[in-house]
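K.L.:
Chain A is already provided as a structure; the job is to place chain B on it using the hints.
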Amino acid sequence: MNKQIKRYFRFFWAWNESKKLVWLNQMSQDGWHLSKCNRLIYSFTKGDSKNLRYFVDFRVMKRENQAEYFEIFKESGWNYITNAGCNYYFSTSAENKHQEVYTDNKSRSEKYRLLTIVHILVLLPISYFLMFFLHRFLDTRPVLMGVLLVIAVSIDLFVVYSLIRLIAIISKFNKEIKE
Amino acid sequence: MNEFDEARKMMPLTETSFYVLISLLEPLHGYAIMQKVERLSGGRIIYGPGTLYGALNNLENLGLIAICDLSVDSKKKKTYLITSKGKLLINLEIKRLEEMVKNARMLSNEAKQNEEV
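These protein sequence lines are chains A and B, in that order.
By the count of numbering that gives the first Met the number 0, the first sequence reaches residue 178 at its end, each step adding exactly one.
By the count of numbering that gives the first Met the number 0, the second sequence reaches residue 116 at its end, each step adding exactly one.
Bound conformation, chain A alone (with noise of 0.2 Å):
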C-alpha cells in the first residue's frame, strides 16, 4: 500500500505559533498527519482524519537528555513526530486529559525567553558580519556595498521588531506570575 506524502513550504513567525498549530490541526482534520519538518518543509503522510492537537516546543537540550523529554510528553499522551533544530513537534488526541503543555505561566514565559536569546544569538552576528564585509568593499564595490547594507540594516530591524513582539508575550506570562 502507497503512503501518499504531501509537502509544503510555509513561514510562520516565531510569536505566530497559534497559527501554525491551527493549520496543522486543519490537517489532520483532512487525513494528513505532520511526519517531518525541516524548518520550512512540512511533509504530511495520508491517513485517516483525526483530530490531532499539535504543539511545538522550543529546547536546547543534549541528545542524551532527550530520552527522558520525550517520555516525560509520551506519559501524558503526548507523541513525539520530530524536530527542526530545537523545535519538538509533539501531537495528541483532542480527548488526552492533559490539553496544555505548560500549565504555568513561568515555564510559559522560560520558553520565549529563550527563543529571544537564540534569535539574538543568531541574527545580530549575521548582520555585524555582513557589516565587517561592507567595510571592505566601501571603495571598490558600490553596489555590491549598497545591497548588503540594506541586507544588513534589514536584519537589525528585523532583531528589533522580534525582539519587541517577543518580549512582548514574555512580560504578558510575568504579569500574570504569582509569586
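Worth double-checking, as some hints may not be accurate.
Mimicking EDC-like on lysine to aspartate or glutamate, the simulated pairs with C-alpha atoms at most 16 Å apart in a straight line are [what the hints assert, rightly or not]:
1. A:K49 x A:D29
2. B:K75 x A:E63
3. B:K75 x A:E74
4. A:K105 x B:E14
5. A:K73 x A:E99
6. B:K86 x B:E59
7. B:K76 x A:E74
8. B:K76 x A:E63
9. A:K96 x A:E74
10. A:K45 x A:D29
11. B:K75 x A:E67
12. B:K76 x A:E67
13. A:K171 x A:E109
14. B:K84 x B:E2
15. B:K84 x B:E25
16. A:K96 x B:E37
17. A:K105 x A:E175
18. A:K5 x A:D29
19. B:K35 x A:E74
20. B:K86 x B:D4
In silico contact screen, one side only, chain B against chain A (beta carbon under 7 Å); selected entries [claimed, not checked]:
21. T15
22. G29
23. Y30
24. Y46
25. G47
26. G49
27. Y52
28. G53
Read the hints as simulated data drawn from the structure, not as lab findings.
Cβ coordinates follow ideal geometry from the N, Cα and C atoms, glycine included.
P.N.:
Frame of chain A, contents of chain B only:
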C-alpha cells in the same frame, strides 16, 4: 556561602517548585511526580509535560534534586530524589509558610471579633 545562605536565597519557592520538591522526598520519576502532586492538591494542580520537565531541570541545576539511578530503564525514566540542600530549603519554607498561615488566621479572627463588637 554556606548551604544555609544558598537555600535562603532561593526563597520563596513557587508553588510548582515546592510541590515537586516535597514529592521527591521519596525517589520518583517524571509522570509519577505529576500524579502525586495532582493527588496531594486534590486535583487542583495538574502539570503539563513542558512545565514538569522544566521544573525538574531547574531544580536539578540548583542542586535541590539529583538523579538516583535505580532502574534498568533509567535512561528513559530518570528517577529523582531530593538532596540535603533541598531538604534544608523545604524546612525553611515550612517555617515561613506556617508563620504566614498563623498570622493570617490570627488577624482574620481579630477582624471578625472587631466586627461583632
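K.L.:
Tell me, in ascending order, the numbers of any earlier hints that this structure violates.
P.N.:
When the structure is compared with the hints, none of them turns out to be violated.
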